[in-house]
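Assemble the complex: chain D is given as a structure, and chain G must be docked to it using the hints.
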Amino acid sequence: MVPLLNLLFNLPMRIAVGTSLMAVIATSAGVSAFAPRGRGADVGLALRLEMFSAAGAILGGWSAGIFNEKLLKILFSGIVFLTAGYTLFKAYRKPQGPAQEVLFKSDYEPVHWKWGFTGSGFAGIVSGLLGVGGGFIKVPIMYALMDVPLGVATATSNFMVGITAAASVFVYYGRGDLYPLLILPTALGVFLGAMFGAYVLARLRINWLRSALIVLLVLMGLQMLISGLD
Amino acid sequence: MKFTEKVLPSDVIQDLENRIHTISMLVSVVALGMMAIGFVATVIDTRHLILPGTSALPLAQMINTHLILSGLAAMTLGVVLLAVLPAARIFWAIWIYFRARSFLDVLVAIVVLAELFLSASIGQ
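Protein chains in written order, with our numbering: chain D, 928 to 1157; chain G, 995 to 1118.
For the record, the hints were derived by calculation from the structure and aren't laboratory data.
Quick caveat, the model's predicted, so the values are computed rather than measured.
Think of the CB as a built atom: it goes at the ideal place given N, C-alpha and C, for glycine as much as any other residue.
Hints may contain errors.
Claimed, not checked - With a straight-line Cα cutoff of 20 Å, these simulated SDA-like cross-link-like pairs (lysine to any residue) come out: (1) D:997 x D:1146; (2) D:1032 x D:1076; (3) D:1041 x G:1098; (4) D:1032 x D:1018; (5) D:1017 x D:1136; (6) D:1032 x G:1005; (7) D:1032 x G:1105; (8) D:1032 x D:1149; (9) D:1041 x G:1105; (10) D:1032 x D:1124; (11) D:1017 x D:988; (12) D:1032 x G:1002; (13) D:1032 x G:1004; (14) D:997 x D:1145; (15) D:1041 x D:986; (16) D:997 x D:1009; (17) D:1017 x D:1038; (18) D:1032 x D:1132; (19) D:1032 x G:1003; (20) D:1032 x G:1015; (21) D:1017 x D:1134; (22) D:1032 x D:1133; (23) D:1017 x D:1139; (24) D:997 x D:1147; (25) D:1041 x D:1006; (26) D:1032 x G:1007; (27) D:1032 x G:1008; (28) D:1032 x G:1009; (29) D:1032 x G:1098; (30) D:997 x D:1149; (31) D:1017 x D:1076; (32) D:1032 x D:1134; (33) D:1032 x D:1135.
Said to hold, decoys possible - Distance ranges between label pairs, derived from CB positions: (34) D:1074 x G:1085: 26 to 34 Å; (35) G:1038 x D:1146: 40 to 48 Å; (36) D:1034 x G:1016: 19 to 27 Å; (37) G:1039 x D:1131: 43 to 51 Å; (38) D:963 x G:1038: 37 to 45 Å; (39) D:1116 x G:1024: 15 to 23 Å; (40) G:1085 x D:989: 23 to 31 Å.
Only chain G is shown next, with the shape it has when bound in the complex:
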């Protein structure tokens, strides 16, 4: 099998496209919804807003129980959810390729995912 050859059946490609469509829609709506709810909660809580506001909370701090319900925590969760979407789409692609036994595609997707994590860790 050549590296650049299209070998996946069209139904698998269609299935992948449909799932990416669904996950993108679902995650985007939930993320934007959480940010919007958080925004309303922040406005109610503080009654006045000064831009750029407060930076997104670190994940470790979000585990703190009383912050879970705060507006900023909800907005941060929305931001993080949206930020992980591209990686989530690659995970979905890996799963679909694995089910279709297209192991070369699985390998390509894993390499891209590894590069994504490497790039993020280099920048830290």
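Next comes chain D alone, as it looks inside the complex:
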């Protein structure tokens, strides 16, 4: 959304980021509001992971400028490609086969918490350093590493990015970078989109959602790689 607002509508970067942060909060609110009963975020899991993610974001924001941003982007793209590859590998490694996997269930027990905490902390650092949302890192961490069902991981990640965005948005508000006339159509649009997404998610097949996640990861990795090599 930031490149769209910045390049297409010629808005200054700070206003574009402020508007985009409000859009993230509206999306998080919309998904929570419209998710069918029993298909919402795992709040306990979200808060535990967010502890590390928020700490990482603070550390990342504080250390921005110390690290070489281009090198970080190349490193980050490598990690995103590895995650996409592992997600694909995991889908076909499951003993029961990918067809029997479900998007949502309540009787699961997350595993590999240390990996989850480490990955969430890393996602936070990347968010703080590069100003990107960490959702596309958090979903594969929960799904591929922690054995959280993909639908639950998506809803939980959405809950988490709302908190991360809220931590930054008041900085933009204090600086006078929030423009209600821009926020209204953006928030309304993503809110309606989230409503439609929640409706579609309940009817999606796991294979489609997993494929979309892998495609998104590859595109994000490519974008980071190109940006890092530029």
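Using the frame of chain D, we list chain G on its own:
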């Protein structure tokens, strides 16, 4: 009790999910409604709009009585209301966990809330 262990009864988890669902819906609708009302009031008031318009008003300025009724004030209130929703959801979670006597979850939620405020204050 292990830090990563699920100990909450399913009815408490369901209650938390229901309340987060309700508060998200309520706050979103009210916030968007206020922004929409403010937008209409601004259009009526100014008769022409140039994007990006005026930035959201500081909260201190909103206390000024004649601004309370203005379109920009209503839009700003909607924006602020939406922005505090994630923190409000954590407050609700703390309350539900506290009632369920799940003090480890209360502690985790308080740490996240503290990090949220710390992050916002560092950025100021």
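Now for the hints, and whether the structure bears them out:
Proximity of residue 997 of chain D to residue 1146 of chain D is assessed by CA-CA distance (about 17 Å); at most 20 Å being required, the pair is judged to hold. For a cut-off of 20 Å, the pair hint linking residue 1032 of chain D to residue 1076 of chain D stands: about 7 Å separates their Cα positions. Restraint check for residue 1041 of chain D and residue 1098 of chain G: satisfied, since their Cα atoms lie roughly 18 Å apart, inside the 20 Å limit. Between residue 1032 of chain D and residue 1018 of chain D the CA atoms are separated by roughly 17 Å; this keeps the pair inside 20 Å, and the hint holds.
Between residue 1017 of chain D and residue 1136 of chain D the alpha-carbon distance is near 14 Å, which keeps this suggested pair within the 20 Å criterion. Proposed proximity of residue 1032 of chain D and residue 1005 of chain G is supported: the alpha carbons are some 15 Å apart, at most 20 Å. Our distance criterion of 20 Å between C-alpha atoms is broken by residue 1032 of chain D and residue 1105 of chain G, whose separation comes to about 28 Å. Of the pairs offered as hints, the one joining residue 1032 of chain D and residue 1149 of chain D is violated, with about 33 Å between alpha carbons and a cut-off of 20 Å exceeded.
Between residue 1041 of chain D and residue 1105 of chain G the CA atoms are separated by roughly 18 Å; this keeps the pair inside 20 Å, and the hint holds. With a C-alpha separation of about 19 Å, the suggested pairing of residue 1032 of chain D with residue 1124 of chain D holds against the 20 Å cut-off. Proposed proximity of residue 1017 of chain D and residue 988 of chain D is contradicted: the alpha carbons are some 33 Å apart, above 20 Å. The straight-line distance between the Cα atoms of residue 1032 of chain D and residue 1002 of chain G is roughly 16 Å, inside the 20 Å bound, and the hint therefore holds.
Under the criterion of a C-alpha separation no larger than 20 Å, the hint pairing residue 1032 of chain D with residue 1004 of chain G is consistent with the structure, at around 13 Å. Between residue 997 of chain D and residue 1145 of chain D the alpha-carbon distance is near 18 Å, which keeps this suggested pair within the 20 Å criterion. For the hint linking residue 1041 of chain D to residue 986 of chain D, the alpha-carbon distance of about 19 Å falls within 20 Å, and the restraint holds. Note on residue 997 of chain D and residue 1009 of chain D: the hinted pairing holds, with a Cα-Cα distance of about 19 Å set against a maximum of 20 Å.
Annotation: proposed proximity of residue 1017 of chain D to residue 1038 of chain D holds, straight-line Cα distance about 15 Å (limit 20 Å). Distance check on the hinted pair: residue 1032 of chain D and residue 1132 of chain D sit about 14 Å apart at the alpha-carbon level, within 20 Å; holds. Restraint check for residue 1032 of chain D and residue 1003 of chain G: the C-alpha separation of about 16 Å stays at or below 20 Å, so the hint holds. Of the pairs offered as hints, the one joining residue 1032 of chain D and residue 1015 of chain G holds, with about 18 Å between alpha carbons and a cut-off of 20 Å not exceeded.
The hinted pair formed by residue 1017 of chain D and residue 1134 of chain D meets the criterion: a straight-line CA distance of about 12 Å does not exceed 20 Å. Distance check on the hinted pair: residue 1032 of chain D and residue 1133 of chain D sit about 13 Å apart at the alpha-carbon level, within 20 Å; holds. Distance check on the hinted pair: residue 1017 of chain D and residue 1139 of chain D sit about 15 Å apart at the alpha-carbon level, within 20 Å; holds. Restraint check for residue 997 of chain D and residue 1147 of chain D: satisfied, since their Cα atoms lie roughly 15 Å apart, inside the 20 Å limit.
For the hint linking residue 1041 of chain D to residue 1006 of chain D, the alpha-carbon distance of about 18 Å falls within 20 Å, and the restraint holds. Of the pairs offered as hints, the one joining residue 1032 of chain D and residue 1007 of chain G holds, with about 13 Å between alpha carbons and a cut-off of 20 Å not exceeded. Only pairs whose Cα atoms come within 20 Å are accepted, and residue 1032 of chain D paired with residue 1008 of chain G is accepted, the gap being roughly 13 Å. As the CA atoms of residue 1032 of chain D and residue 1009 of chain G are separated by approximately 17 Å, the hinted pair is consistent with the 20 Å bound.
A threshold of 20 Å between alpha carbons decides the hint, and for residue 1032 of chain D with residue 1098 of chain G the separation of about 24 Å lies outside it, so the pair is violated. For the proposed pair residue 997 of chain D and residue 1149 of chain D, the alpha carbon gap of about 13 Å is at most 20 Å, so the pair holds. For the given pair, residue 1017 of chain D sits about 13 Å from residue 1076 of chain D by alpha-carbon distance, which is consistent with the 20 Å threshold. A hinted pair counts as satisfied when its Cα atoms are at most 20 Å apart, and residue 1032 of chain D with residue 1134 of chain D qualifies at roughly 16 Å.
Of the pairs offered as hints, the one joining residue 1032 of chain D and residue 1135 of chain D holds, with about 18 Å between alpha carbons and a cut-off of 20 Å not exceeded. The supplied range of 26 to 34 Å is met by residue 1074 of chain D and residue 1085 of chain G, whose beta-carbon atoms lie about 30 Å from each other. For the hinted restraint 40 to 48 Å between residue 1038 of chain G and residue 1146 of chain D, the CB-CB distance of approximately 44 Å keeps it satisfied. Range check, residue 1034 of chain D to residue 1016 of chain G: Cβ separation about 25 Å, and the 19 to 27 Å hint holds.
The supplied range of 43 to 51 Å is met by residue 1039 of chain G and residue 1131 of chain D, whose beta-carbon atoms lie about 45 Å from each other. Hint check: residue 963 of chain D to residue 1038 of chain G, Cβ distance near 39 Å, so the stated range 37 to 45 Å holds. Taken as a hint, the range 15 to 23 Å holds for the pair residue 1116 of chain D and residue 1024 of chain G, whose Cβ atoms sit roughly 18 Å apart. Judged by the Cβ atoms, the range 23 to 31 Å given for residue 1085 of chain G and residue 989 of chain D holds: they are separated by roughly 26 Å.
Going through the hint list in order, the structure does not satisfy hints 7, 8, 11 and 29.
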